[in-house]
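Novice: Sequence:
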Amino acid sequence: MQLLIDAVLPSIGVALVVFFWGIYRGTLGSLIAVVVASTLVACNILYVTWLFRDGMGPDAVTSYGLEALARIGPVLLIVGAAWLMANVLAYMRFRERRSYAA
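Under the working numbering, the first residue of the sequence shown carries the number 37, and numbering increases by one thereafter.
Do not rely on the hints blindly, as some may be mistaken.
Said to hold, decoys possible - What follows is a list of derived Cβ distance ranges for each label pair:
(1) V97 - A43: 22 to 28 Å
(2) Y127 - A96: 35 to 41 Å
(3) L120 - V44: 18 to 24 Å
(4) L105 - R134: 34 to 40 Å
(5) L120 - V50: 18 to 24 Å
(6) P110 - L40: 17 to 23 Å
(7) L125 - S99: 29 to 35 Å
(8) S135 - P94: 55 to 61 Å
(9) R89 - G65: 22 to 28 Å
No lab work stands behind these hints: they were computed from the structure.
Here a beta-carbon is modelled for each residue, glycine too, at the ideal position from N, C-alpha and C.
Between the sequences and the hints, there should be enough to build the whole structure, so can you do that?
Specialist: This is how it looks when you write it as structure tokens:
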């Protein structure tokens, strides 16, 4: 668990590098890399947020389903918006580069 917590900032850095590489290149491979990297980072952030919201130790409260979504709602909206924006921008760059090749 500590490994996931420690990996949040480096994984965001790697995802940013992959995103800028995807915007620069605009190929199908870079688009796939952006989607995979952003999805992994989003899942990592949401999991760590859910873990901290439920608490740790003997006074931990376990939540599942809609209750867990309600607890991490604001973070979910921010992470979801960033994930969507990164993937849409990478896809738009891919489409733009592909239209010039034809």
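Novice: Does each hint fit the structure? Answer for all of them.
Specialist: Hints and how they fare:
Against the hinted window of 22 to 28 Å, the Cβ-Cβ separation of V97 and A43 comes to about 25 Å, which satisfies the hint. Separation of Y127 from A96 is about 40 Å and conforms to the stated range, judged on CB atoms against 35 to 41 Å. Range check, L120 to V44: about 19 Å between beta-carbon atoms, so the 18 to 24 Å window is met. Distance hint for L105 and R134: a CB-CB separation of about 36 Å, consistent with the stated range 34 to 40 Å.
The given range of 18 to 24 Å is respected by L120 and V50, whose C-beta atoms sit roughly 19 Å from each other. Distance hint for P110 and L40: a CB-CB separation of about 20 Å, consistent with the stated range 17 to 23 Å. Separation of L125 from S99 is about 33 Å and conforms to the stated range, judged on CB atoms against 29 to 35 Å. For S135 and P94, the Cβ-Cβ distance of about 59 Å falls inside the hinted range of 55 to 61 Å, so the restraint holds.
With their beta carbons about 36 Å apart, R89 and G65 fall outside the hinted range of 22 to 28 Å.
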